[in-house]
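When you get a sec, could you build the whole thing from the sequences and use the hints?
Sequential numbering from 0 applies to the sequence shown in numbering that gives the first Met the number 0.
To be clear, the hints were calculated from the coordinates, so they are not data collected in a lab.
Please read these numbers as outputs of a predicted model, since none were measured by experiment.
Any given hint could be a false lead.
[Unchecked claim] Derived lysine-lysine pairs resembling DSBU-like cross-links, with alpha carbons at most 30 Å apart:
1) 188 - 296
2) 176 - 123
3) 341 - 524
4) 274 - 353
5) 504 - 524
[As the list claims (entries may be wrong)] Have a look at the derived ranges for each label pair, beta carbon to beta carbon:
6) 92 - 21: 31 to 39 Å
7) 194 - 24: 48 to 56 Å
8) 85 - 368: 48 to 56 Å
9) 157 - 198: 56 to 64 Å
10) 299 - 49: 30 to 38 Å
11) 75 - 511: 12 to 20 Å
Yeah, the Cβ is synthetic: ideal placement off N, Cα and C, and Gly gets one too.
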Amino acid sequence: MLDKVKKNFYPKGRGIEDSALEDIKELISNLPLKRDLLIEYLHLIQDKYGQIRKKHLAALSKLLKIPLAESFEVATFYAHFDVIEDDSDSIQDITIRVCDSLTCELFGSENLIKELKDNLDEKKVRVLRAPCMGLCDKAPACEVGHKHVNFSNLKEIQDIISKKNFHPDIVEGISLKKYIDSGGYEILKKCYTNEMNVDNVIEELNESGLKGMGGAGFPSGQKWKFVRMEPGPRLMTINGDEGEPGTFKDKLYLEQNMHKFFEGMLIAAWAVEAKKIYIYMRDEYPGIRLKMIDELKKLSQTDIIDPDTKIFIRRGAGAYICGEESAMIESIEGKRGLPRHKPPFVSKVGLFGKPTLNHNIETVFWVPDILKNGHKWYSSQGKSGHKGPHSYSVSGRVKKPGVKLAPAGITMNELLNDYCGGMIDGHKFLGYLPGGASGGILPASMGDIPLDFGTLEKHGCFIGSGAIVVFSDKDDVKKVALNLLKFFNDESCGQCTPCRVGTEKAVKLMEKGNWDENLLKELVKTMGDSSICGLGQAAGNPITCTLNFFKDHI
Numbered sequence: 000m001l002d003k004v005k006k007n008f009y010p011k012g013r014g015i016e017d018s019a020l021e022d023i024k025e026l027i028s029n030l031p032l033k034r035d036l037l038i039e040y041l042h043l044i045q046d047k048y049g050q051i052r053k054k055h056l057a058a059l060s061k062l063l064k065i066p067l068a069e070s071f072e073v074a075t076f077y078a079h080f081d082v083i084e085d086d087s088d089s090i091q092d093i094t095i096r097v098c099d100s101l102t103c104e105l106f107g108s109e110n111l112i113k114e115l116k117d118n119l120d121e122k123k124v125r126v127l128r129a130p131c132m133g134l135c136d137k138a139p140a141c142e143v144g145h146k147h148v149n150f151s152n153l154k155e156i157q158d159i160i161s162k163k164n165f166h167p168d169i170v171e172g173i174s175l176k177k178y179i180d181s182g183g184y185e186i187l188k189k190c191y192t193n194e195m196n197v198d199n200v201i202e203e204l205n206e207s208g209l210k211g212m213g214g215a216g217f218p219s220g221q222k223w224k225f226v227r228m229e230p231g232p233r234l235m236t237i238n239g240d241e242g243e244p245g246t247f248k249d250k251l252y253l254e255q256n257m258h259k260f261f262e263g264m265l266i267a268a269w270a271v272e273a274k275k276i277y278i279y280m281r282d283e284y285p286g287i288r289l290k291m292i293d294e295l296k297k298l299s300q301t302d303i304i305d306p307d308t309k310i311f312i313r314r315g316a317g318a319y320i321c322g323e324e325s326a327m328i329e330s331i332e333g334k335r336g337l338p339r340h341k342p343p344f345v346s347k348v349g350l351f352g353k354p355t356l357n358h359n360i361e362t363v364f365w366v367p368d369i370l371k372n373g374h375k376w377y378s379s380q381g382k383s384g385h386k387g388p389h390s391y392s393v394s395g396r397v398k399k400p401g402v403k404l405a406p407a408g409i410t411m412n413e414l415l416n417d418y419c420g421g422m423i424d425g426h427k428f429l430g431y432l433p434g435g436a437s438g439g440i441l442p443a444s445m446g447d448i449p450l451d452f453g454t455l456e457k458h459g460c461f462i463g464s465g466a467i468v469v470f471s472d473k474d475d476v477k478k479v480a481l482n483l484l485k486f487f488n489d490e491s492c493g494q495c496t497p498c499r500v501g502t503e504k505a506v507k508l509m510e511k512g513n514w515d516e517n518l519l520k521e522l523v524k525t526m527g528d529s530s531i532c533g534l535g536q537a538a539g540n541p542i543t544c545t546l547n548f549f550k551d552h553i
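Here it is as structure tokens:
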């Protein structure tokens, strides 16, 4: 019977083309062959061919010894991968991604998209909508190839296309030499030589009041303690997927002083005895990622880093959900960015099943200065009982948008008038988003609430990553809320029904002329009570706030 089965056996599924297999072997030859590098391989294919044909996906699956369905589901999960049939026409040579997040919409992204589609050759150029690119203070923004375009307009984009200038701009910032000459990496050396005690370092952070600046606001020193309680080996991850609409503070700090970030990161890794560090950088920051690779090479040629510590950069692929720490970890492992059920938390079971310390970029950016100047230096920069400075990414209808380093506990009115030069001429302050798309919406009449962790929750809002978007009497509040829900609908990972279906239904209900208040409230409650992660749980905040605070504008 066995002989008969073998004699009649024929391969099932898709055949592998020898030429495609050779293409992929050559393309990934500089990387080790590991399952968790799947997304890095997909980037190589996308970058070389401008798309991912199924023959190449099948060849890659064979090399990794995984089902084609597994690599297909990963490739099609991420917005920056274009999977097409083998006999399909190639995708246009030039891709323009126009940001349609709230601030860019306020400054004319819809008109820009229409202009581009009407005036560019669709056979050569494709125009796509894209979420926030971290250029909110330079709206409307777009990306031509990998080149960011500030204050975008048709003429400038046409000029970029004619010159074929599609490469990312790289901001120089403070060099390694200049950072070392100014005392950089001295704190790290003291840690490595045990001049600084781990327990004292953690206590200094706790006293300073430094919290997770990615949005959760969890005390950083306490997080280090929790990870240290777990058995080794331990790992560390850095969440550089700054995707919350309106947020661009991490981008600024990396451009200005990347090595201060590196030092803070390495001190944190030392504290929890993590010998492997994975930096997850969003694909929307191509210039920063390339510079990071270059600067880490320079750093590795010195004797600054502990030789046993290895740093890996992993490239995101256009998925907002990967800003959620467990979804980011899934993505680093080469999978779809689906949030995990908690508990267990990543401090216990994180990357590759190991206890993992996960931090946002800005959080570790502050560590060297706190240890150098003392916890009081940091904590005293707050006001009205709040600790430390806060980096507010301010955009919208203000005269001077940008990252504003201000005392934690400052109010919106103070931030607007003292740091942003007030409203743009002809605009009257109507409302603001205190914490990006998910942080809710507040009216101008509530502009005297301190902006910090824990101060906004009783109003149905939160500070999150400190992404503040200001809108005026010239803007339609219903359109503001609709823009946010469209974003959540597009970025839902689809894992849980309440979020996947709820955000879609919310958009449809909001697009109607008259909002069904009772039905929307019921939908928001369902999403908030039963979604797996913060995306679905917070997606209804714009609806609730609009109903509560802007009743006369509906």
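Evaluated hints:
Annotation: proposed proximity of residue 188 to residue 296 holds, straight-line Cα distance about 19 Å (limit 30 Å). For the hint pairing residue 176 with residue 123, the CA-to-CA distance comes to about 44 Å; that exceeds 30 Å, so the pair is violated. Restraint check for residue 341 and residue 524: the C-alpha separation of about 20 Å stays at or below 30 Å, so the hint holds. For the suggested pair residue 274 and residue 353, the alpha carbons sit about 12 Å apart, so the restraint of at most 30 Å is met.
In summary, the hint linking residue 504 to residue 524 is supported, as the alpha carbons are separated by about 13 Å, within the 30 Å threshold. Look at residue 92 against residue 21: about 24 Å separates their beta carbons, and that is not inside 31 to 39 Å. A beta carbon spacing of about 49 Å between residue 194 and residue 24 agrees with the range 48 to 56 Å that was offered as a hint. In this structure the hint that residue 85 and residue 368 lie 48 to 56 Å apart at CB holds, the actual value being about 54 Å.
In this structure the supplied range 56 to 64 Å holds for residue 157 paired with residue 198, their Cβ-Cβ distance being about 60 Å. Separated by about 32 Å at the C-beta atoms, residue 299 and residue 49 satisfy the suggested range of 30 to 38 Å. For residue 75 paired with residue 511, a C-beta distance near 31 Å fails the hint of 12 to 20 Å.
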